[in-house]
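Visitor: Sequence:
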Amino acid sequence: MGGPVGQKVHINVDLAEGYGNWACGPDIELLPLIDHANVACGFHASDPLIMIGTVGAHVGLPDLQGFGRRELKLTPSEHTANRIYQIGALQGFVTREDVPLHHVKPHDMLYGMMCRDYEVATALMRGIPAGVAVFGLPGTNMEKAALDLGSPFMAEVYDDVKYNSDRSLLRERRGDAWTNSKVPRHVTEQIETSSVTAVDGTAVELPIGSHPISLCCHSDVPGCVEVVEEARAVVDAFNRKYFPRSMA
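If you count the sequence shown from 1, position 248 lands on 248 in the numbering used here, and the numbers rise without skipping.
Hints in this document: simulated from the structure, not taken from any laboratory.
Glycine residues also receive a C-beta, built at the ideal position from the N, C-alpha and C atoms.
Among the clues, some could well be false.
[To be verified] Cβ-Cβ distance ranges computed for the label pairs, FRET-style: (1) A81 x P244: 37 to 47 Å; (2) D35 x P207: 19 to 29 Å; (3) P184 x I84: 15 to 25 Å; (4) R96 x P4: 39 to 49 Å; (5) K73 x L170: 21 to 31 Å.
[Claimed, not checked] Calculated pairs, SDA-like style, for lysine to any residue (alpha carbon to alpha carbon, straight line, at most 20 Å): (6) K182 x D200; (7) K8 x D236; (8) K162 x H102; (9) K8 x D166; (10) K162 x E189; (11) K182 x L170; (12) K162 x P152; (13) K73 x G92; (14) K182 x P222; (15) K162 x L147; (16) K8 x R171; (17) K144 x E172.
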């Protein structure tokens with residue numbers, strides 16, 4: 001496979017995914033370990049009091065009960081309107097704090113639908129403010145729609161998600177905990193070789209190209225703080241090796 005990825009690697013985590021009195025993940029402990037926060041915007045999780053405490057918009061399908069993990073059939077105009085609605089909700093908070101909205105990151109089922117369906121991906125892109133980056137899976141309709149509509153695209157790799165041989169992500173509702181030995185190997189392979197070993201053992205190329213890169217982690221996996229700490233160590237070592245000036 002190819003050599004190391006050509007850009008400094010960042011880390012992003014999905015945060016603010018609780019609701020009311022229910023907390024989903026250790027957001028406060030994770031914040032010092034990451035570069036980009038994907039803040040849930042109220043459709044699959046979160047509420048106004050949670051959103052104000054934690055920035056990028058983590059947009060999902062209107063499915064609180066299913067945590068945004070069930071496919072919903074919506075028209076393109078509904079997809080666009082839903083994105084405008086959710087991003088607008090978070091935009092109110094970031095404007096109040098005088099912080100720019102950095103990016104938009106689709107959640108779970110919506111992410112997969114955008115990868116598979118160009119029409120869905122295009123509808124979503126039309127709801128994103130001009131100049132705001134989209135985090136997504138390279139080599140998919142998500143990347144194609146972003147480029148076609150002129151949205152900046154940030155390629156994602158994953159520290160706690162497995163890949164199928166067709167380069168799609170393996171959706172596991174209750175996956176095994178990621179151990180300290182699994183995470184470094186999984187992350188290192190992706191950023192050092194621009195490829196990943198799929199669940200069937202095949203080597204799969206990751207067509208990252210010249211896009212900026214962010215490693216996605218999740219706050220709802222078992223031992224997530226330790227998982228992100230392991231990923232942070234691997235990413236920092238990689239960035240010191242290939243991009244030492246960025247670490248100064």
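Visitor: Now, for every hint given, state plainly whether the structure supports it.
Guide: A quick look at each hint next to the structure:
Distance hint check: the CB atoms of A81 and P244 are about 46 Å apart, consistent with the given range 37 to 47 Å. In this structure, D35 and P207 meet the distance hint of 19 to 29 Å, their C-beta atoms being roughly 22 Å apart. Taking 15 to 25 Å as the suggested C-beta distance range, the pair P184 and I84 does not conform, at roughly 40 Å. Take R96 and P4: their Cβ atoms lie about 40 Å apart, and the range 39 to 49 Å holds.
The hinted window of 21 to 31 Å between K73 and L170 holds, with their beta carbons roughly 23 Å apart. This hinted pair checks out: K182 and D200 have alpha carbons roughly 16 Å apart, not beyond 20 Å. Between K8 and D236 the alpha-carbon distance is near 9 Å, which keeps this suggested pair within the 20 Å criterion. Only pairs whose Cα atoms come within 20 Å are accepted, and K162 paired with H102 is rejected, the gap being roughly 27 Å.
In summary, the hint linking K8 to D166 is not supported, as the alpha carbons are separated by about 26 Å, beyond the 20 Å threshold. Restraint check for K162 and E189: satisfied, since their Cα atoms lie roughly 12 Å apart, inside the 20 Å limit. Simply put, K182 and L170 have alpha-carbon atoms about 16 Å apart, close enough for the 20 Å limit, and the pair holds. Restraint check: the Cα-Cα separation between K162 and P152 comes to about 25 Å, which exceeds 20 Å; the hinted pair is violated.
Pair hint K73 plus G92 does not hold up; C-alpha atoms about 28 Å apart against a cutoff of 20 Å. At roughly 13 Å between alpha-carbon atoms, K182 and P222 fall within 20 Å of each other, so this suggested pair holds. Note on K162 and L147: the hinted pairing is violated, with a Cα-Cα distance of about 26 Å set against a maximum of 20 Å. Simply put, K8 and R171 have alpha-carbon atoms about 27 Å apart, too far for the 20 Å limit, and the pair is violated.
Between the alpha carbons of K144 and E172 the distance comes to roughly 26 Å, so the proposed pair goes past 20 Å and is violated.
Of the numbered hints stated above, those contradicted by the structure are hints 3, 8, 9, 12, 13, 15, 16 and 17, listed in ascending order.
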